[in-house]
Amino acid sequence: MVSEASRPIAQGLLPEDNVIGWILQLIWIAFFFIFMFYGQRIQMRIMLKEIEGSLLRLKLMRDKGREIAISTIKEIGKPKEDPAPRIDRFLEHVDIGPVSLDPVGIIRRLEHIIDVRELRFKDEVRIMAPEADETQMNNLTNVLEAALALNQIYKSIRHYYLMGKKTLSIYIIMQLQMILPLVMKECEAFANALRAFTLGQPIGDGVGALVAAKLMHGRKKRRIAKDIVMSEVPIEGRTAYVIKAEGPGGNVGKPGEAVRRILEEKNGKISLVILIDAAQKLEGERVGEVAEGIGVAIGGPGVEKYKVEEIAAKYKVPVSAILVKEDIGDVVSTMRKEIFDAAEVAVERIKGIIREKTREGDAVIIAGIGNTMGIGQ
Amino acid sequence: MIILSVEVVPPKRIPILLMILVFIMLVLSVAAVYQAIEAYRNGSLDLASIILSISAIVLSSYMIIQMRSKPIKLGFEMYDVSTTIQCDRCNYETTRKFERGDYIFKEVGSCPKCKGNLFISSIYREVKEKKRKSFFASSI
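First to last, the sequence lines map onto chains A and B. Residue numbers for the first sequence follow our numbering, beginning at 6 and rising by one. Residue numbers for the second sequence follow our numbering, beginning at 25 and rising by one.
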């Protein structure tokens, strides 16, 4: 006789002496075998469903981005004909980078491609929005770039999703599912950027330009490079050449070119170059935290960064960096108060660095890097 | 009018496979409770099966509640953006809602106090961080 203590647990849970118990037993066994042989396939289906949900969201974001771009161009640009077909064509724009097989002169070639791209975008906007002024045109270019980014992200995610579905490769699906949260975060940032660009509000990326604008406010300005203005500002007994992109339209200009020109104009007689830019914060760091360092704090494709590194190395000028920490979502959305307040902290840090690292009568370059949308000078 | 305020928010689609699985789990757990009650009526109390089946009911009910169709959040949120106007001579300062065409250091007329120049000194949005009280919250 089997004792009560030695009775299997399953029998206690699902007694075998009735029909329901048997059915339940069979269901559990069926479940066991299904999961044993089709577990991975089920997991893959669940992952595909999850990706499909995000893809649907991306599609809606893309469509809304397109809608916003069309309505903004119609409102600001007052075009005579419907801009939608032209915008649709624009959203399919492709950039082809320079060949890197022979890296000699790649920066020059990359710069040329970037210049052509910018020119093409502005020409397109000019045709789409004939009534827009220079500031509005720069902002509209930014709107279209954000809509373009949303479209491109949507299309590449859709490509990998369809490829994963077609090949039923768990590795493609898994990789896609793993990067999806970061992709969605980036897309949300672009979606919010569209709103800020449409209204011409200052964005988080513009904190460097804001610092420079605070320093040069009320001073005489002159254009030193493409879309870059410069002011001579006395700070702590030193002469500071403060540069920033020309606002208030959405613009980054060519700060590297401006630094090169100033250094060459002054025959390298500059004691220090300070660059202020927004930097992506690490998780756990506070938004608006100000950090100091050395090196060229210029983001983007690297052309402007290269120019500053090259000229600073030529004249042996030290380069300092001041970074304002921001989340990826804050960089392209309307400037947060914490970031605005950080600009004042950065100004004080600049003064501190100048006092410590240079002597009275020296000359320094202060470059505020970033998109100057919504920031005058 | 720019289509910023009109948010197209279709309801979220519920995965059919997940829904079927959750319903099967709910049915099985209800059947298990029934079994346990029957066993109790016959004089044997099987505490383990009661606990397990009730937990399964709670879990599947929770999943059903979670699956309710929620609107899709697209971003494109409308923030409250403030514009601060300041006088360059006296300490006059006023804050209003952002208006199209505003930009930092834009001159916006003369001061009502001293007739100095008024300019926009700041444009920003304030974010209220949601602090969630969690049992597992760490001090890192």
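Heads up, a few of these hints could be off.
Stated by the list, open to error - Straight line, CA to CA, 30 Å or less: simulated DSSO-like cross-link-like pairs of lysine-lysine: (1) Lys225/A to Lys130/B; (2) Lys121/B to Lys190/A; (3) Lys139/B to Lys286/A; (4) Lys97/B to Lys310/A; (5) Lys152/B to Lys83/A; (6) Lys121/B to Lys54/A; (7) Lys225/A to Lys97/B; (8) Lys97/B to Lys226/A; (9) Lys171/A to Lys97/B; (10) Lys139/B to Lys225/A; (11) Lys231/A to Lys97/B; (12) Lys97/B to Lys190/A; (13) Lys152/B to Lys127/A; (14) Lys97/B to Lys286/A; (15) Lys97/B to Lys64/A; (16) Lys64/A to Lys152/B; (17) Lys121/B to Lys286/A; (18) Lys79/A to Lys139/B; (19) Lys97/B to Lys356/A; (20) Lys121/B to Lys342/A; (21) Lys137/B to Lys170/A; (22) Lys226/A to Lys130/B; (23) Lys130/B to Lys321/A.
To be verified - In silico contact screen, one side only, chain A against chain B (beta carbon under 7 Å); selected entries: (24) Gln30; (25) Lys64; (26) Leu65; (27) Gln206; (28) His222; (29) Lys225; (30) Lys226; (31) Ala318; (32) Met340.
It is worth saying that the hints were derived from the structure and are not from the lab. Where a beta carbon is used, it is the ideal one built from N, C-alpha and C, also for glycine.
Hints, one by one, checked against the model:
With a C-alpha separation of about 16 Å, the suggested pair Lys225/A and Lys130/B falls inside the 30 Å cut-off, and the hint holds. A hinted pair counts as satisfied when its Cα atoms are at most 30 Å apart, and Lys121/B with Lys190/A qualifies at roughly 28 Å. Between Lys139/B and Lys286/A the CA atoms are separated by roughly 43 Å; this puts the pair beyond 30 Å, and the hint is violated. At most 30 Å may separate the alpha-carbon atoms for a hinted pair to count; Lys97/B and Lys310/A exceed this at roughly 37 Å.
Between Lys152/B and Lys83/A the CA atoms are separated by roughly 38 Å; this puts the pair beyond 30 Å, and the hint is violated. Distance restraint check for Lys121/B and Lys54/A: the Cα-Cα separation of roughly 42 Å exceeds the 30 Å cut-off, and the hinted pair is therefore not satisfied. The hinted pair formed by Lys225/A and Lys97/B fails the criterion: a straight-line CA distance of about 46 Å is larger than 30 Å. Proximity of Lys97/B to Lys226/A is assessed by CA-CA distance (about 44 Å); at most 30 Å being required, the pair is judged violated.
Distance check on the hinted pair: Lys171/A and Lys97/B sit about 29 Å apart at the alpha-carbon level, within 30 Å; holds. Distance check on the hinted pair: Lys139/B and Lys225/A sit about 23 Å apart at the alpha-carbon level, within 30 Å; holds. Under the criterion of a C-alpha separation no larger than 30 Å, the hint pairing Lys231/A with Lys97/B is inconsistent with the structure, at around 40 Å. Taking the CA atoms of Lys97/B and Lys190/A, the gap is near 12 Å; set against the 30 Å cutoff, the hint holds.
Between Lys152/B and Lys127/A, the direct Cα distance comes to roughly 37 Å. Violation of the 30 Å bound is thereby established for this hinted pair. Among the hinted pairs, Lys97/B with Lys286/A is consistent with the structure: their alpha-carbon atoms are about 24 Å apart, no more than 30 Å. Between the alpha carbons of Lys97/B and Lys64/A the distance comes to roughly 12 Å, so the proposed pair stays at or under 30 Å and holds. A C-alpha spacing of about 29 Å is found between Lys64/A and Lys152/B, which places the hinted pair at or below 30 Å, so the restraint holds.
Only pairs whose Cα atoms come within 30 Å are accepted, and Lys121/B paired with Lys286/A is accepted, the gap being roughly 29 Å. With a C-alpha separation of about 39 Å, the suggested pairing of Lys79/A with Lys139/B is violated against the 30 Å cut-off. Distance check on the hinted pair: Lys97/B and Lys356/A sit about 44 Å apart at the alpha-carbon level, beyond 30 Å; violated. Taking the CA atoms of Lys121/B and Lys342/A, the gap is near 14 Å; set against the 30 Å cutoff, the hint holds.
Straight-line distance between C-alpha atoms of Lys137/B and Lys170/A comes to about 69 Å, which puts the hinted pair past the 30 Å bound. Between Lys226/A and Lys130/B, the direct Cα distance comes to roughly 16 Å. Compliance with the 30 Å bound is thereby established for this hinted pair. In summary, the hint linking Lys130/B to Lys321/A is not supported, as the alpha carbons are separated by about 39 Å, beyond the 30 Å threshold. This hint is violated: Gln30/A has a C-beta 11 Å from the nearest C-beta of chain B, more than the 7 Å allowed.
Below 7 Å, beta-carbon pairs count as interface contacts, and Lys64/A has none with chain B, the closest being about 10 Å; its hint is therefore violated. The interface hint given for Leu65/A is met, as the beta carbon of that residue sits about 6 Å from the closest beta carbon of chain B, less than 7 Å. The beta carbon of Gln206/A comes within 6 Å of a beta carbon in chain B, closer than 7 Å, and the hint placing it at the interface holds. Checking His222/A against chain B: minimum C-beta separation of about 6 Å stays under 7 Å; hint holds.
Checking Lys225/A against chain B by beta carbon gives a least distance of about 15 Å; that is not within 7 Å, so the hint is violated. Nearest Cβ of chain B to the Cβ of Lys226/A: about 11 Å, over the 7 Å cut. The hint is violated. Of the supplied interface hints, the one on Ala318/A is violated, with its beta-carbon coming no nearer than about 34 Å to a beta-carbon of chain B, more than 7 Å. This hint holds: Met340/A has a C-beta 5 Å from the nearest C-beta of chain B, less than the 7 Å allowed.
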